[in-house]
Amino acid sequence: MKKTLEVMGMVCPFPLVEAKEAITELSSGDELVIEFDCTQATESIPRWAAEAGHSITNYEQVSDAAWTITVQKK
Amino acid sequence: MTQMIITGLLCGALLGFVMQRGRFCLTGGFRDMYLSKDNRMFYALLVAIAVQSVGVYTLIELGIIEYNAGTLPLFAIIIGSFIFGIGIVFAGGCATGTWYRAGEGLIGSWIALAGYILMSTMMKSGVFAPINAKFQQPQLQTNSMADTLGINVWILIAILVAIVGFIVYKEVTKPKVFIPTLKAKRTGLAHILFEKRWHPFVTALLVGLIAMIAWPLSAATGRVFGLGITTPSANILQYLTTGDSSLLNWGVFLVLGILVGSFIAAKASHEFRFRMPDVKTGLNSFAGGNLMGFGASLAGGCSIGNGLVMTAMMTWQGWIGLAFMILGTWTAVYFVFIRGRQKKKNTVISTKTSPTTA
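If you read the protein sequences in the order shown, they are chains A and B. In terms of numbering that gives the first Met the number 0, the numbers along the first sequence are unbroken and rise by one, the last being 73. In terms of numbering that gives the first Met the number 0, the numbers along the second sequence are unbroken and rise by one, the last being 357.
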């Protein structure tokens, strides 16, 4: 299953707070696609995912100040 | 005047650039100590303080600048720093953070900045100036920690450097988790400047060095202080509304430089875009900006003036201010992120996620 979390326009730390919450509703192996535009989250989201043991299957900059990251739940 | 404009803008631009690229966010740093038990940005701040402390006291020893810590309005510092700490959570960034995020195109930061500048001006020369003056009494005689303790300031600096050295050693030798990064699209210097993740300690080292060179640059124009944000921010509005050019000083160009430097960094890294916040974020930003201006004016400094500079000068004002702004941040974090989220969870179960077909 794949879920999309749209947090464009949200400032830190809300994208991360929302992501942490959204992933609890997924089961292992599911993917969470996070679309965000908060610059600081380019650092905080991958760091959180890596430290929590989730894997990142996609991470790219879509356009000026817009990113998408896909986190697969461990 | 020309010298003031050039060195002020240049120093500010360097700072804005480094902070934007290094994601040097003190609000986030203080918040994450509590919210995610992550002390990295706080440690980075300590690194910047230590670097600046050694640097500035060396300049003082060499007779390049003179410094007197003055007296200590303890009560104003405690109350002001605590309010400032609450404000930065609502504003989504500290005073400097707000300046550099304005340069990234965040309209929410422009709103916070407007509230911050307006309130600082009201506190310094406007209707709230008498209240502010009242809070500044009583003053304790010594602000310098070394004077109170009756020891050489270098002993305090040595202790700080030893603590910071130990923390850096522990952090750097910690087993690392692999953190995925964006695919590199550039090479060489462009990659390092506009793409690569900067280690917080490298950013902190640069911030400390910039904070150090700020002292002689500023002193050369007659303003004997290092980095400062609140008073210069208020000076901008005072100058704009009175036309009195004696209000312009090195600090004014420093804060304007932060905006310019951060804009250059964001633009070159494809991270600049005008972003309009929703109504709630906009209102929070304005309220936060006002609290920030009120608190920083009372305390005589923000997270840079007190948290980075006055700490490095080994003053009670700096360290007490830093402690209470962190407490203020944690208090706001508790109400906004911990209790606030629990309440929300009990009413609606996440409306923001929508399943899509894989």
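Quick caveat, the hints were computed from the structure, so don't treat them as lab data. Mixed in with the good hints there might be a few duds.
To be verified - Simulated restraints on C-beta separations: (1) A:E59 with B:L73: 46 to 54 Å; (2) A:G52 with B:V171: 47 to 55 Å; (3) B:K133 with A:S27: 55 to 63 Å; (4) A:S27 with B:P174: 49 to 57 Å; (5) B:I150 with A:E34: 54 to 62 Å; (6) A:S54 with B:M275: 44 to 52 Å; (7) A:S54 with B:I162: 35 to 43 Å.
All residues carry an ideal CB built from backbone N, CA and C; glycine is no exception.
Evaluated hints:
Separated by about 51 Å at the C-beta atoms, E59 of chain A and L73 of chain B satisfy the suggested range of 46 to 54 Å. Range check, G52 of chain A to V171 of chain B: Cβ separation about 22 Å, and the 47 to 55 Å hint is violated. The hint said 55 to 63 Å for the Cβ distance between K133 of chain B and S27 of chain A, and at roughly 60 Å that hint holds. With their beta carbons about 24 Å apart, S27 of chain A and P174 of chain B fall outside the hinted range of 49 to 57 Å.
Take I150 of chain B and E34 of chain A: their Cβ atoms lie about 55 Å apart, and the range 54 to 62 Å holds. Under the hint 44 to 52 Å, the C-beta atoms of S54 of chain A and M275 of chain B, about 34 Å apart, miss the expected range. Look at S54 of chain A against I162 of chain B: about 36 Å separates their beta carbons, and that is inside 35 to 43 Å.
Hints 2, 4, 6, counting from the list given before, are not met by this structure.
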